[in-house]
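Protein chains in written order, with this note's numbering: chain D, 1 to 230; chain L, 231 to 455.
Rather than coming from a laboratory, the hints here were simulated on the basis of the structure.
A quick note: this is a predicted structure, and the numbers were derived from the prediction, not measured.
Hints are not guaranteed to be accurate.
To be verified - In silico lysine-lysine, DSSO-like type, Cα no more than 30 Å apart, as pairs:
no.: 1; chain 1: D; residue 1: LYS128; chain 2: L; residue 2: LYS322
no.: 2; chain 1: D; residue 1: LYS49; chain 2: L; residue 2: LYS322
no.: 3; chain 1: D; residue 1: LYS217; chain 2: L; residue 2: LYS367
no.: 4; chain 1: L; residue 1: LYS372; chain 2: L; residue 2: LYS352
no.: 5; chain 1: D; residue 1: LYS147; chain 2: D; residue 2: LYS49
no.: 6; chain 1: L; residue 1: LYS421; chain 2: L; residue 2: LYS275
no.: 7; chain 1: D; residue 1: LYS141; chain 2: D; residue 2: LYS128
no.: 8; chain 1: L; residue 1: LYS360; chain 2: L; residue 2: LYS242
no.: 9; chain 1: L; residue 1: LYS322; chain 2: L; residue 2: LYS445
no.: 10; chain 1: L; residue 1: LYS275; chain 2: D; residue 2: LYS49
no.: 11; chain 1: L; residue 1: LYS352; chain 2: L; residue 2: LYS252
no.: 12; chain 1: L; residue 1: LYS449; chain 2: L; residue 2: LYS372
no.: 13; chain 1: L; residue 1: LYS252; chain 2: L; residue 2: LYS367
no.: 14; chain 1: L; residue 1: LYS445; chain 2: D; residue 2: LYS47
no.: 15; chain 1: D; residue 1: LYS147; chain 2: D; residue 2: LYS221
no.: 16; chain 1: D; residue 1: LYS47; chain 2: L; residue 2: LYS449
no.: 17; chain 1: D; residue 1: LYS135; chain 2: D; residue 2: LYS217
no.: 18; chain 1: L; residue 1: LYS445; chain 2: D; residue 2: LYS217
no.: 19; chain 1: L; residue 1: LYS449; chain 2: L; residue 2: LYS322
no.: 20; chain 1: L; residue 1: LYS322; chain 2: L; residue 2: LYS421
no.: 21; chain 1: D; residue 1: LYS221; chain 2: L; residue 2: LYS360
no.: 22; chain 1: L; residue 1: LYS252; chain 2: L; residue 2: LYS360
no.: 23; chain 1: L; residue 1: LYS281; chain 2: L; residue 2: LYS421
no.: 24; chain 1: D; residue 1: LYS135; chain 2: D; residue 2: LYS49
no.: 25; chain 1: D; residue 1: LYS217; chain 2: D; residue 2: LYS141
no.: 26; chain 1: D; residue 1: LYS47; chain 2: D; residue 2: LYS147
no.: 27; chain 1: L; residue 1: LYS252; chain 2: D; residue 2: LYS217
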Amino acid sequence: MELLAFGKTGWGDELFYATLMTIAVSITAMLVGFLFALIFTPLKLSKYKTLNLVGNFYTTVIRGVPELLVIYLFFFGGSGAIMYVASIFGYYEYIEINAFITGSMAIGIISGAYSTEVFRGAIQSIDKGQFEAAKVLGINKFGQFYKIILPQMLRLAIPNLSNVWQITLKDTSLISVTGLVEIMRQSYIAAGSTRDPLFFYSFAAVLYLLLTYVSMKLINKLEVRYSRGY
Amino acid sequence: MDFDLMINSFPKLLGATLVTLKLLSASLFFGLFLGLFFAILRLKKNIFINKFAYGYSYIFRGTPLLVQIFIIYFGLGQIEYLRTTFLWVILKEPYWCAIIAFTLNTGAYTSEILRSAFQTIKPGIIEAGKSLGISNKIIFYKIQIPIAIRQSLPAYGNEIILMMKGTSLASTVTLMDLTGVAKYIISTTFKPIEVFIVAGGIYLFMTFIIHNVIKFLEKKYSFQQ
């Protein structure tokens, strides 16, 4: 137990901050993912074949390639890409992006592919009559989406989004390879310096279980809230 | 774009794909039996057996695969007693540690898939079997299992693809699988995009094959023939 003490003697506070980091990365990645879903869901549902192709390319590639490979691409390629863009604007200094941004971008793109699929499925399962009725009532396109489609879609999407959240949360463990100090990285450091890997990795597992358990409870509440009236 | 690098790295990556495929097939093979075993335990009425099986699948589905590999590879070696037993022959090899971790992980997901498949079988089918005087054992092996396999094919196909992506984590315990070799080439040449295209292409090709095989099997075993 003294291994987990707070302060200089134990790893308690370090692991606590690492857990906060995992939560921060997961939430950022989930939001980045929503941003990507916002772009790619309309593309996948578009009636234009080329746009469909772009949308399908994104979801197929990201869901068919290991997360670790995507993370390596961002880790090794991220600053190169940014520097290339900067060089167009006449900036030639070395730019280093921090591990938090690289990590949450990489996990965000992965999470976005899953979110896109969830939103696509949810929109497609809304009755066509709803769209038509909204149109007939003369509601403008913006109102159609935000007032009619979105509330119905959310109810259908939340159970699947909770799966995406779980995947995202677990995927954040992979960005430990880039050196970002989240639960996994902190456990690795602690295990290395105390020579007690069994304890620290098991404790990391407990932390992850705790995170998934608590978030499931919270999401269930949301689910109840959005299925009022059904 | 460095096309020479892409062409040169292709054979190396293809060789590493063999390691990926070995890891995948071994863990799927053992995982299927483990999953079936725990799915059967989940259907038992005894509350302790039931809770035990549920706990297994909850823990392995609720924690990242990376933690599981690290516990098995770095953690178990710490137990002095294990080092003296014959198990140490297996546990000191990263290859077997990876397979054990993947098997336990895929076993947890497979048990959930099979359990829900068993539960969707209509009781009428089992009752029909019983009223024909077929023994419980034969009902299980000849009626329930074939139906459950068919029901769980789409979900199991997804699990195979997830597991294929999961084998990439073997590279974190020094194994040179497809991702491991890709990372090595990236870190020596600093050409991440080219290597990503080749390695990603190989992974996508495997996904494509698995997807189509499952689709074919689904068609073959569907109700309407």
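Right, here's what the structure says about each hint:
no. : hint                   : result
1   : D:LYS128 with L:LYS322 : violated, 59 Å
2   : D:LYS49 with L:LYS322  : violated, 53 Å
3   : D:LYS217 with L:LYS367 : violated, 40 Å
4   : L:LYS372 with L:LYS352 : holds, 15 Å
5   : D:LYS147 with D:LYS49  : holds, 28 Å
6   : L:LYS421 with L:LYS275 : violated, 57 Å
7   : D:LYS141 with D:LYS128 : holds, 15 Å
8   : L:LYS360 with L:LYS242 : violated, 57 Å
9   : L:LYS322 with L:LYS445 : violated, 39 Å
10  : L:LYS275 with D:LYS49  : violated, 53 Å
11  : L:LYS352 with L:LYS252 : violated, 37 Å
12  : L:LYS449 with L:LYS372 : holds, 20 Å
13  : L:LYS252 with L:LYS367 : violated, 34 Å
14  : L:LYS445 with D:LYS47  : holds, 26 Å
15  : D:LYS147 with D:LYS221 : holds, 22 Å
16  : D:LYS47 with L:LYS449  : holds, 29 Å
17  : D:LYS135 with D:LYS217 : violated, 38 Å
18  : L:LYS445 with D:LYS217 : violated, 35 Å
19  : L:LYS449 with L:LYS322 : violated, 43 Å
20  : L:LYS322 with L:LYS421 : violated, 34 Å
21  : D:LYS221 with L:LYS360 : violated, 43 Å
22  : L:LYS252 with L:LYS360 : violated, 42 Å
23  : L:LYS281 with L:LYS421 : violated, 50 Å
24  : D:LYS135 with D:LYS49  : holds, 24 Å
25  : D:LYS217 with D:LYS141 : violated, 35 Å
26  : D:LYS47 with D:LYS147  : holds, 23 Å
27  : L:LYS252 with D:LYS217 : violated, 39 Å
Hint compliance for this structure: hints 1, 2, 3, 6, 8, 9, 10, 11, 13, 17, 18, 19, 20, 21, 22, 23, 25, 27 are broken, all remaining hints hold.
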